[in-house]
Amino acid sequence: MDTMTTILQPDHATIPGVSKPVKSRAARRVHGLSDRAIAWLFVAPTIALLLAINIFPLIWMIRLSFTNLNLSMSYLPLRFVGLDNFRDILTDEDVWFRLQTTAQFVISSVALQVVVGFGLALLINRQFRGHSFWTTIILLPMMLSPAVVGNFWTLLLQPQIGPFNYLISLFTGVPTSSFSMTGQVSLAPWTIVLVDTWMWAPYVMLICLAGLRSIPDYIYEAAEVDRASPWRQFWSITLPMTVPFLMLAVLFRAIENFKMFDMVNLLTSGGPGSTTELVSISLKRAAFEKWRTGYSSALAIILFVTVFGAANIYVKTLNKVKQR
Amino acid sequence: MTAAATRSTAHSIVEASPRTKAFAGGLVILYAVITILPLLWIVATAFKSQSDAIAYPPKVIFEPTLEGYVNLFTVRTRQTPDFIAKLPPPETWYDKLVRKRDMVIAGPSKVVPRFVNSLIIGFGSTFLAVFLGTLAAYAFSRFRIPLADDLLFFILSTRMMPPVAVAIPIYLMYRQLNLTDTRLGMILLYTAVNVSLAVWLLKGFIDEIPREYEEAALVDGYTRLQALRKVVLPQAVTGIAATAIFCLIFSWNEYAFAVLLTSGEAQTMPPFIPFIIGEGGQDWPAVAAATTLFVVPIVMFTVLLRKHLLRGITFGAVRK
Chain U
0 MDTMTTILQP DHATIPGVSK PVKSRAARRV HGLSDRAIAW LFVAPTIALL LAINIFPLIW
60 MIRLSFTNLN LSMSYLPLRF VGLDNFRDIL TDEDVWFRLQ TTAQFVISSV ALQVVVGFGL
120 ALLINRQFRG HSFWTTIILL PMMLSPAVVG NFWTLLLQPQ IGPFNYLISL FTGVPTSSFS
180 MTGQVSLAPW TIVLVDTWMW APYVMLICLA GLRSIPDYIY EAAEVDRASP WRQFWSITLP
240 MTVPFLMLAV LFRAIENFKM FDMVNLLTSG GPGSTTELVS ISLKRAAFEK WRTGYSSALA
300 IILFVTVFGA ANIYVKTLNK VKQR
Chain P
0 MTAAATRSTA HSIVEASPRT KAFAGGLVIL YAVITILPLL WIVATAFKSQ SDAIAYPPKV
60 IFEPTLEGYV NLFTVRTRQT PDFIAKLPPP ETWYDKLVRK RDMVIAGPSK VVPRFVNSLI
120 IGFGSTFLAV FLGTLAAYAF SRFRIPLADD LLFFILSTRM MPPVAVAIPI YLMYRQLNLT
180 DTRLGMILLY TAVNVSLAVW LLKGFIDEIP REYEEAALVD GYTRLQALRK VVLPQAVTGI
240 AATAIFCLIF SWNEYAFAVL LTSGEAQTMP PFIPFIIGEG GQDWPAVAAA TTLFVVPIVM
300 FTVLLRKHLL RGITFGAVRK
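Chains as they are written, first to last, in numbering that gives the first Met the number 0: chain U, 0 to 323; chain P, 0 to 319.
One should not assume that every hint holds.
[Said to hold, decoys possible] A short, non-exhaustive set of chain P residues, derived as facing chain U with CB atoms under 10 Å:
(1) LEU155
(2) THR179
(3) LEU183
[What the hints assert, rightly or not] Below are the DSS-like pairs computed for lysine-lysine, each with C-alpha atoms no more than 30 Å apart in a straight line:
(4) LYS319(U) x LYS306(P)
(5) LYS229(P) x LYS306(P)
(6) LYS85(P) x LYS99(P)
(7) LYS20(P) x LYS306(P)
(8) LYS85(P) x LYS109(P)
(9) LYS315(U) x LYS306(P)
(10) LYS58(P) x LYS85(P)
(11) LYS109(P) x LYS95(P)
(12) LYS109(P) x LYS289(U)
The set of hints was computed from the structure by calculation and includes no laboratory data. Each residue gets a CB set at the ideal place from its N, CA and C atoms; glycine is no exception.
So here's chain P without its partners, still in its complex pose (with noise of 0.2 Å):
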């Protein structure tokens, strides 16, 4: 960092001058403010109560309530005054805030199943499409296939797709083989899309890999197996990661095939989020809790991702 700093004074023609820079900063930080404001909208509208979150003018101050996580993990029913005094007195924090509302719980909501499927589902498909994609990768990387190009080619373009388009066959498929609305199904799809990046991916990391490490090991006797599980995976670990990363946050944000293959039982958030329905239409507060629990991996993923953030947007191309 010191030395990258000193490089730069020495280069001072090129470097901007305390005021530009102080500009520059400015507006990306009104920028970056901007930006952010829809998500802190989101995640305080999930701590209002009901009535604040509909309120004209719309509240920037209100009264903290995790009513908004409690109707999103409940279902409940609306009761007369005179039976809610009859029962016994609350048990619990949450029941309480719900008797509050003339309501009791009836039962736990489907949210939870519905994230439980999207862990299923997105962590099957990633390690599938990372175990078959470092197969592939490392194939790719290290020997000489015929018409690897175009072979590369249309591993990319099945990525290319447009989502609905490729779910009008894949829905007459899953009909005849019992696959609509099972994990196996969603599971499978999402692998077979995420393994085109999962394989572009790691072909660069893998390229990057000295092959002098491998042959050496080769002279020593190892098998290819052995090489490749000995020393080329322990560098490629980073890469592997990053890919994986990738992979989960496609499968856990996609919509499309979830919304048209999917109706209960291997439903995943996406689809689910936007049909939290409290009485009157959507119920925000539970909305926003939804929005906000499935937001803040994505937010911590990001963060953790950001040095390669590049690489897997671009498929590999650019890497710094």
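For reference, chain U alone in the conformation it holds in the complex (with noise of 0.2 Å):
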């Protein structure tokens, strides 16, 4: 196009090798903007949003959780208690109860999907037939709204008209209304580590494929080659080599259910009792219950301390991970 204006119009040509930079960047400076002008113009409204939802009322709340802000109480003054509410925090034993139970639901759920996330993969990688079908079907829970699953297991879960407790007694002999899944003390950390398993296995098991499918043949060729039976090649090459995937995964799955709230809130709320009360629904509970805004700042800012190392740890791996 611009060759042909060029030769069109004899007083832009002179002497092509020459010119014609100077031309182009003259052009540009016209026509458009310098590339670094471009660049700031394209990242910044990306960063004035974030700055404007997420940075600002972090700051806002780093000063709230230094004051004794309770919102049902806002006829009191606002008043500046110092570290107050962190040593309150911090030494609360249903706090450091609440980071058990969450800690708890962390290291079972997580270590529970990566042995049947891993498993499937496996099982997976061998390329029966049909099994990209099956696949998918097994995709599905991961893609759906956590409190829409939270909400419907517990129609699936009810002791009487559910047909889980249903098919246990059948197979088992035990009277279904004899067990609660979300009503017992016993059960009810259990069955928030099976739907959550139900749900995120399946994430588990796509990062581990993509893993077992990034070894190459001719390593289980020349390990063929050099008799090495199937239980030496698992342990000396595919786990090795799939292990900088699940570390991925498990990292996400370690993060995602240190904050989780929707499903097990719609689940079991917290209960019975307090036996499953995650963090976040304790904190939910102050901000949004208690309303005291003070405190739960302070809480959610001791959470997210703790979500921002290991999403340090997260992105540090994501780019080993990146870089193969």
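Could you fit the two chains together into a complex? Lean on the hints.
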């Protein structure tokens, strides 16, 4: 296009090799912006939005965490209480219990998801007929809304009318109303692990599958030539080469489960008593039911710092996986 | 496909034996069937009558009815049989269905406005996030930006924060700005959450487009913006579509912000569905009907996204 104009309009065409760069630079300055200006113009709106919606409120929250603000008693004068909120939280036994509950939930559900997910990935990697269709079916739960999942599992797990207890009693003979998956202190912590695994084992599976497929065939061929047993091949080739992918899945699931609110809030809403009260649910109660804004801001900041640390590791792992 | 098949038979050392394959296939299919059962149960419950839905033992075979769907979309009042007998004959099939249960339809329920909210907030935030994300991703991909890695980490880290913790200051801020329980407030919030995913995913997609195309266009006298519009965007269209679907799914499914920051006007489906109640507790057929309608688009999107799923759930880190 431009070359055409150059040829047709003689005053533009002087000595081609020399004038061209000068002309194009001038043209760019007239018609468009410099690359640097464009770069900033393109990045700025995103950064501005995140500053407004994430960073500004965060800074405000840090300020509030040093106050006694309680929205249900906002007639009280706002008083700065220093580090009192943080001291209250870190010395409160209940908070430590919630953190313990959360840790147990994170560890057991991620462990179960790794076992189920990795197992499924190994099986699917056998490339049997129709594996792609069945894989899509298996992936469905993780795409659903956790809140909706938590809600409909309460129906499935109803002691009398739910199909879950009925199936269990059919196979084991235990009467259906003799146990309640969501209402019993001994079972509820396992119920949230079970539903979370139903939802997220496919996530681990999908990432592990990518890891398994990244292992080139020739390594296994070489192992066959060396007469390595399938067991040995698994421990010396398959597992070590999938570990970075597995790490990624574990970190992501751990962060997500540490934040877990929606599914558990609808499935057990922290109950019975407080057996499944994860730290996010506890935070919601402090902030939006007791309206202890100052206190809950401090708790939120403690959670932020924890997640931020984990996110840091996560991004480093991401980059490591990317380089492969 | 055939080429791959012949290739793998040639490397038969690594290929699993037919029996191993059948065994693996059997186990996977068994898992898939068990995993899909809860969903099928919900889809079936939507076609049950109230009494079938709470029957003991749970009913697998039942007479299908559209009661659940009718209950989902309407508000009904119970009347005496005398009153109903005096009414003019029912005009529609759903009037008839409701009267059989000694009730009359009093009006539409709130499900349609909630669904519309989900659509407006979902599409609004998706459009904004993809628009902003495309610009930022292009800049990160093509220009040298000082501290680019730190900025990218900052962008991603905002998504890692616990939503309940983020909601505390947002709640206070929105109260000051009169954004509580407004669609605009929810669109802005979801855009902020989605934009981090959009930037990371789209940067990956744009990185894969060879720079030579744009450079050729620039030599031809295109400005940067023209090159972006006419050369880069057409090539990134699949990536942009996949990113948009991921953003839409997030907004569609989101619960924590929605339940904490909306109460009526701007309420979306996830906080609404659990509170569909009938006489005496949750109206399970109606809840199941709402869940089914809510989940169908997600199932379709999952099938559409199948190829890009891995990328989406790992922020573009794992590509194949």
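Checked hints:
no.	hint	verdict
1	LEU155	holds, 6 Å
2	THR179	violated, 12 Å
3	LEU183	violated, 12 Å
4	LYS319(U) x LYS306(P)	holds, 23 Å
5	LYS229(P) x LYS306(P)	holds, 26 Å
6	LYS85(P) x LYS99(P)	holds, 14 Å
7	LYS20(P) x LYS306(P)	holds, 23 Å
8	LYS85(P) x LYS109(P)	holds, 29 Å
9	LYS315(U) x LYS306(P)	holds, 25 Å
10	LYS58(P) x LYS85(P)	violated, 36 Å
11	LYS109(P) x LYS95(P)	holds, 21 Å
12	LYS109(P) x LYS289(U)	holds, 29 Å
Comparing the model with each earlier hint shows violations of hints 2, 3 and 10; every other hint is respected.
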